[in-house]
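Protein chains in written order, with this note's numbering: chain A, 1 to 270; chain B, 1 to 353.
Below, a list of computed lysine to aspartate or glutamate pairs in the EDC-like style, where the Cα atoms sit at most 20 Å apart:
hint: 1; chain 1: A; residue 1: K6; chain 2: B; residue 2: E120
hint: 2; chain 1: B; residue 1: K25; chain 2: B; residue 2: E181
hint: 3; chain 1: A; residue 1: K3; chain 2: A; residue 2: E252
hint: 4; chain 1: B; residue 1: K316; chain 2: A; residue 2: E252
hint: 5; chain 1: A; residue 1: K30; chain 2: B; residue 2: E82
hint: 6; chain 1: A; residue 1: K106; chain 2: A; residue 2: D260
hint: 7; chain 1: B; residue 1: K345; chain 2: B; residue 2: E240
hint: 8; chain 1: A; residue 1: K6; chain 2: B; residue 2: E123
hint: 9; chain 1: A; residue 1: K6; chain 2: B; residue 2: D266
hint: 10; chain 1: B; residue 1: K316; chain 2: A; residue 2: D253
hint: 11; chain 1: B; residue 1: K351; chain 2: B; residue 2: D339
hint: 12; chain 1: A; residue 1: K261; chain 2: B; residue 2: E231
hint: 13; chain 1: A; residue 1: K6; chain 2: B; residue 2: E268
hint: 14; chain 1: A; residue 1: K3; chain 2: B; residue 2: E117
hint: 15; chain 1: A; residue 1: K261; chain 2: B; residue 2: E317
hint: 16; chain 1: B; residue 1: K178; chain 2: B; residue 2: E189
hint: 17; chain 1: A; residue 1: K36; chain 2: B; residue 2: E116
hint: 18; chain 1: B; residue 1: K58; chain 2: B; residue 2: E137
hint: 19; chain 1: B; residue 1: K351; chain 2: B; residue 2: D234
hint: 20; chain 1: A; residue 1: K30; chain 2: B; residue 2: E84
hint: 21; chain 1: A; residue 1: K6; chain 2: B; residue 2: E117
hint: 22; chain 1: A; residue 1: K6; chain 2: B; residue 2: E84
hint: 23; chain 1: A; residue 1: K3; chain 2: B; residue 2: D109
hint: 24; chain 1: A; residue 1: K209; chain 2: A; residue 2: D170
hint: 25; chain 1: A; residue 1: K3; chain 2: B; residue 2: E123
hint: 26; chain 1: A; residue 1: K3; chain 2: B; residue 2: E84
hint: 27; chain 1: A; residue 1: K209; chain 2: A; residue 2: D260
hint: 28; chain 1: B; residue 1: K118; chain 2: A; residue 2: E252
hint: 29; chain 1: A; residue 1: K28; chain 2: B; residue 2: E82
hint: 30; chain 1: A; residue 1: K6; chain 2: B; residue 2: E116
hint: 31; chain 1: A; residue 1: K96; chain 2: B; residue 2: E117
hint: 32; chain 1: A; residue 1: K3; chain 2: B; residue 2: E120
hint: 33; chain 1: B; residue 1: K118; chain 2: A; residue 2: D253
hint: 34; chain 1: A; residue 1: K3; chain 2: B; residue 2: D266
hint: 35; chain 1: A; residue 1: K96; chain 2: B; residue 2: E116
hint: 36; chain 1: A; residue 1: K36; chain 2: B; residue 2: E117
hint: 37; chain 1: A; residue 1: K136; chain 2: A; residue 2: E191
hint: 38; chain 1: A; residue 1: K36; chain 2: A; residue 2: E101
Since the hints were derived computationally from the structure, they do not count as laboratory data.
None of these values were measured; they are calculated from a predicted model.
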Amino acid sequence: MRKGYKAVATELAQVIPETELIKTLVLKPKRAFSFKAGQFVELLVPGLGEAPFTPSSSPFHSEQIELTIMRAGRLTRQIHGLEPGAMVGLRGPYGKGYPLEEFSGKELLIVGGGVGLAPLRSLLWSVLERRKEFLKVILVYGAKSPRDLIYRNELESWAKDGLSVHISVDERDESWRGAVGVVTMLLPGIEVDVERAVAVVCGPPVMMKFSTGELLAKGLKPSQIYLSMERNMSCGLGKCGHCRLGNYYVCEDGPVFRYDKVEGISGLWD
Amino acid sequence: MSSGRTTSSSRCLISSWEEFLGWLKGLAEQDIIYAPDFSGRIRLFNAEEISFLPFPFKRSLDNFKCLFFPPRRNLGSPFILETEPRREAKLVIILGLKACDLKALEVLDYVFLGGEEKEEGYEQSRASAVIISSDCEEPGENCFCLGLGGSIYPEEGFDLNFSRLSSGRLLIEIGSKKGEEFLAGAGFECASEDDLLGRSQRRREGGRLFEARLKAKGLDFRGIDLRALIEASDKDGFWEKFSERCVECGACNFICPSCHCFLLSDWEMREGVARFQSWDSCQYPGFARVAGGANPRRFRCQRLRNRYEKKFVFFKERLGGYACTGCGRCIEACAGEIDLREVLKDLRNEKGI
Chain A
1 MRKGYKAVAT
11 ELAQVIPETE
21 LIKTLVLKPK
31 RAFSFKAGQF
41 VELLVPGLGE
51 APFTPSSSPF
61 HSEQIELTIM
71 RAGRLTRQIH
81 GLEPGAMVGL
91 RGPYGKGYPL
101 EEFSGKELLI
111 VGGGVGLAPL
121 RSLLWSVLER
131 RKEFLKVILV
141 YGAKSPRDLI
151 YRNELESWAK
161 DGLSVHISVD
171 ERDESWRGAV
181 GVVTMLLPGI
191 EVDVERAVAV
201 VCGPPVMMKF
211 STGELLAKGL
221 KPSQIYLSME
231 RNMSCGLGKC
241 GHCRLGNYYV
251 CEDGPVFRYD
261 KVEGISGLWD
Chain B
1 MSSGRTTSSS
11 RCLISSWEEF
21 LGWLKGLAEQ
31 DIIYAPDFSG
41 RIRLFNAEEI
51 SFLPFPFKRS
61 LDNFKCLFFP
71 PRRNLGSPFI
81 LETEPRREAK
91 LVIILGLKAC
101 DLKALEVLDY
111 VFLGGEEKEE
121 GYEQSRASAV
131 IISSDCEEPG
141 ENCFCLGLGG
151 SIYPEEGFDL
161 NFSRLSSGRL
171 LIEIGSKKGE
181 EFLAGAGFEC
191 ASEDDLLGRS
201 QRRREGGRLF
211 EARLKAKGLD
221 FRGIDLRALI
231 EASDKDGFWE
241 KFSERCVECG
251 ACNFICPSCH
261 CFLLSDWEMR
271 EGVARFQSWD
281 SCQYPGFARV
291 AGGANPRRFR
301 CQRLRNRYEK
311 KFVFFKERLG
321 GYACTGCGRC
331 IEACAGEIDL
341 REVLKDLRNE
351 KGI
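Use the sequences and the hints to build the structure in full.
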């Protein structure tokens, strides 16, 4: 549902704590609201402001939209304080989303860092819906510590659903038996057929920068790497000018970009 | 733009400013009239005041975008309502636009009427406006439109355009159906071939004089790929040299007829929360800042460069032409005396062209 810069009234149905800093909001829009994995929405909190988020839920269940939100500033702190029953607004969806048709018939390497797993979860649900179209689906995910991993239960169930799941944490604790180190460290060990692979990366800019480096070193071409670029998206319609990235607007032409399209733009990783 | 385009004489009428004013007076009772006043500021003129319209108009001091994209627009509730309040659209007659102003409107049209969704408020103000432009007889001291490939007379984008002939008569070119309807019943005679030749001659002469002036000042940038120069302009210190004088006031953006960036914000009003669209400036430190404080354009030099990239690279790629019209308003508005012409000249000189 899109209409100018106006939002659909939406009820906050549930708040799921993921980690100390991250919560998932389960939202019920009062009007039909659909989106594609990777497209983003603007979440409006009346009287407080508005910010862009990419839904983390399955596009196939659009009556209930989930946003996984990290507390990072003033607005997200207020959002974390919302109680179920609160009325908020949703605008969108905006942007292009993941080009699933380009991924079809390929080995899909999905690389997430921190709360960057949120949009990838929406992608994963879409992919699992048509799992047979993809040769391989590999998820590589890293967080600061075991306590900072989000969607823990799902990570386990995805592994059973035919996904190859690799997880690392920057700092281990007593409970952790898995890999330790930044997520990019896992990439050299992942087996993919570089001729037939595509990689999808979402996370903090520095993580995307180094992941891209590792993926190129593995032999992937820039045209096989898809990145989620973060800029200050406001209007969502390519008009307000805030999210310009080179000759693109992230809101309209992204937020997912193939690396060969944005390679060389000054300040790409800033 | 070529001067060789011929205009069919049936689309051109002959009148005088006084006769036209007589016609306008009859409309002024019910319509709204905006034009620059004697000081160059655009304002509302009522029926009694229109005889004071400063014709022939010079390039206005402020810009016309405020009539289509106001500094602050109340968009009503931030939520989609079952029924949106309808707004009565009155005819708005706008006089005094120059070729540069029309070119800037082209940029705004691209932004607000293009893309996946048109912007309703802008579309309405455009639809209810009658655009009356006129040839530039006296380009201002900071004008350099020709040097960027512009023109001192409008060729498209107007409903009516005025040119003065050497006889003092007024040649009115009709540029649209709306313009034709506007003059229906005015009874102005058709222009002759001689009138059109007279206009061409005056335009050529005016252009030649202006061109010579710009060339003497090194302000003819035609044939120079400003896009490429700006793309390659990351040499240390180039932008700092200018940005160190920037006080981040945003005046360059607000006075610019083609700057279109805005901010959406919600405000508690007596009738409930209302969403406002307000002009924003890419020179403000927080313009590109994202959640958590990361800022891809943290430094003033990056923000100054952004303005040039947007005008000369982004729009060149998207629209096929620069979004800078060479009107020179930002030069007049800048508190730090940053002169866009000097920036462009320096870019060119660095490359030794």
